[in-house]
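Participant: When you line the first sequence up against this note's numbering, it's residues 197 to 784, in that order.
Hint data in this document are derived by calculation from the structure and do not stem from the laboratory.
You can trust all of the hints, since none of them are fake.
Result set (DMTMM-like, lysine to aspartate or glutamate): computed pairs, CA atoms no more than 20 Å apart in a straight line:
| hint | residue 1 | residue 2 |
| --- | --- | --- |
| 1 | 738 | 752 |
| 2 | 503 | 415 |
| 3 | 654 | 705 |
| 4 | 503 | 573 |
| 5 | 562 | 448 |
| 6 | 738 | 715 |
| 7 | 738 | 653 |
| 8 | 334 | 294 |
| 9 | 556 | 449 |
| 10 | 654 | 215 |
| 11 | 503 | 283 |
What follows is a set of in silico ranges between Cβ atoms, one per label pair, in the way DEER data are often shown:
| hint | residue 1 | residue 2 | range |
| --- | --- | --- | --- |
| 12 | 519 | 263 | 54 to 64 Å |
| 13 | 742 | 689 | 20 to 30 Å |
| 14 | 593 | 300 | 45 to 55 Å |
| 15 | 627 | 237 | 41 to 51 Å |
| 16 | 482 | 593 | 30 to 40 Å |
We put the beta carbon where it would ideally sit given N, CA and C, even for glycine.
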Amino acid sequence: MRMSHLFGRTLRDAPGDVELPSHRLMLRAALIRPLGAGIFSLLPMGWRVIRKVEQIIREEIDAIGGQELLMPVVHPADIWRESGRYDQVGPEMARFQDRGERDMVLAMTHEEVVTDLARQEINSYRQLPQLVYHIQTKFRDEPRARGGLIRVREFTMKDSYSLDRDDAGLDRQYQNHWQAYERIFRRCGLAFIVVGADTGMMGGSASHEFMALSDYGEDIVLLSPNGTYAANREVATFQRDVPPPEEALPMEEVETPNTTTIQLLADFLGVPLSRTAKAVFYLGDSGRFIFVVIRGDLDVNETKLRKASGELGLTPAMAEQIRAIGAEPGYGSPVGVHDAVIVADESIRDSPNLVAGANKPGFHLKNVNLGRDYEADVVADIAAAAAGYPSPIDGAPMEATRAIEVGNIFKLGTRYSSILGATYLDEDGRSHPIHMGSYGIGSGRVTATIVEQHHDDKGIIWPVSVAPYHCSLLSLGSANDTEVIAAADTLYADLTAAGVEVLYDDRADRAGVKFNDADLIGLPLRLSVSARTLANGEAELKPRTASEATFVPLAEVVPRVQRLLAALAAPLSGDPPAAAHPSRGQPA
RNA sequence: CGGGGUGUGGCGCAGCCUGGUAGCGCGCGGCGUUUGGGACGCUGAGGUCGGAGGUUCGAGUCCUCUCACCCCGACCA
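Using the sequences and the hints given, assemble the complete structure.
Facilitator: Spelled out as structure tokens, the structure:
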């Protein structure tokens with residue numbers, strides 16, 4: 197590609213309000229342009245990168261038996277009503293009507309459609325297992341798009357869906373995807389870990405996320421330092437301390453003025469936080485009041501709470517709503533409240549004689565005990581893990597790290613097949629729902645994450661596997677220097693003929709401009725030709741990561757470039773590195 | 001959705017407080033000089049100051065409403 201004809205110019209300055217390095221660099225390097233909030237065009241060079249990422253994904257999913265197909269972006273609402281998700285998912289799904297006033301949606305994901313296909317095409321166990329996938333645009337009306345391609349509203353994902361006759365088959369496909377994903381992300385040059393995750397709105401029984409470590413990540417993962425445990429904070433557990441048993445003492449009301457927070461209360465009474473019971477109030481989407489009790493030294497994990505309470509969404513309750521059930525903000529306890537679902541953390545069950553609110557301002561109760569003074573509707577693990585908490589595996593203090601979710605794998609089980617009637621007949625002629633899995637990778641997010649992990653202050657440093665081109669070729673000096681032009685043209689032709697993808701900077705710009713743009717765009721290799729190098733019959737060759745250039749006789753440029761590219765590609769083969777294990781956690 | 005911020009040529013910004021001819025740098029066109037880390041001179045094109053309404057003799061500037069974008073939070077296969 198001749199840069200003089202490239203569509204899209206590099207920018208000396210990025211818009212001032214852009215924060216993320218990947219966002220800045222992808223704008224400056226002419227990879228992407230914004231159209232609206234969370235909506236981007238991909239310029240030719242950006243699109244080349246995306247397609248390379250997608251090709252890697254294709255190859256690895258094909259290698260585990262995937263068959264590529266394509267499902268629509270626009271769905272009739274009926275299929276979403278059938279699965280029950282039309283009312284479940286809320287405003288992040290874009291809805292509209294066609295000219296016949298039929299309800300339609302823009303696809304956020306394709307479980308419904310693939311299940312519909314499965315019920316049409318699959319009748320017999322003989323047709324299973326199957327693995328289909330597609331790479332398709334999706335739209336999610338995120339409440340807040342941010343960070344360039346990291347979090348967008350319109351985006352492209354590879355989604356694969358596995359169809360099996362039983363859980364054992366599903367387990368195999370899940371495991372295959374785990375390994376394929378490791379190969380995909382290694383080939384993209386990403387450093388990542390695998391963590392246990394929430395199944396969220398997808399439903400299903402198990403889920404893992406592939407997390408690229410990044411300071412700008414939106415997720416927080418908790419890691420055991422020895423690699424035996426890794427989980428998204430949303431689901432992370434930790435080893436509980438169990439206090440020594442005590443005899444339940446008589447409940448006693450004490451005056452505790454101005455102790456509306458747990459810390460103030462503990463200070464006032466001179467007891468540790470772990471001797472108090474904290475009340476947290478939510479209103480569930482179903483309209484029920486969710487009254488949470490947890491030990492004062494712990495915090496509520498809302499993801500776990502959603503699951504424990506069966507609520508799809510939770511909103512903090514207002515003071516008047518809290519009083520309506522007989523509690524008092526700042527002095528609340530489950531003792532004597534009504535019209536509320538009481539959800540107690542395990543810490544409450546295991547800790548006797550806690551201080552809790554008296555449900556009137558300025559008073560607390562001492563020696564409150566679950567089971568004697570009140571009953572809980574649900575007792576569950578709803579506590580948030582945090583940095584320093586003991587790992588559930590071995591008790592080692594966990595680290596918390598920010599990360600970007602670049603891929604996920606879900607065991608859906610029969611969540612969709614049973615509702616939509618995607619069944620097969622077994623050897624005995626009995627009908628069973630198909631066991632399904634769903635597996636996603638966002639290609640744009642992967643690309644942005646690669647930039648997050650591979651850049652310096654001058655620009656991007658592409659892994660050769662996904663670089664828009666392999667090599668920059670710069671002609672330096674006067675635009676009238678026909679010798680330089682001719683030599684560069686020849687190199688361009690020879691390299692191209694040898695299969696090297698060249699971005700030829702043939703513009704009539706000065707050397708400094710070309711060097712800076714080459715650094716910004718960040719191709720793995722940079723070749724320069726000038727009157728100076730030509731005097732010795734040479735070109736200058738510099739890997740993006742090298743500090744010094746080397747000089748290569750013109751005749752040796754092509755083989756030399758090919759050798760360097762091969763060397764750069766070798767560690768990106770997808771095979772696990774010899775020594776360390778890049779992903780933590782246990783394959784399920 | 002809550003909080004904060006920003007909208008002035010393609011990009012980065014000043015001007016607004018204190019109303020009076022719309023500016024600077026980069027980029028872009030032409031000519032010339034230059035030519036290995038974002039050159040220089042001359043010259044030129046390009047802006048209904050996000051939009052609507054209001055106050056005023058006069059609004060980029062003041063007031064009201066509105067839209068868009070960015071950041072923090074809530075949210076998130």
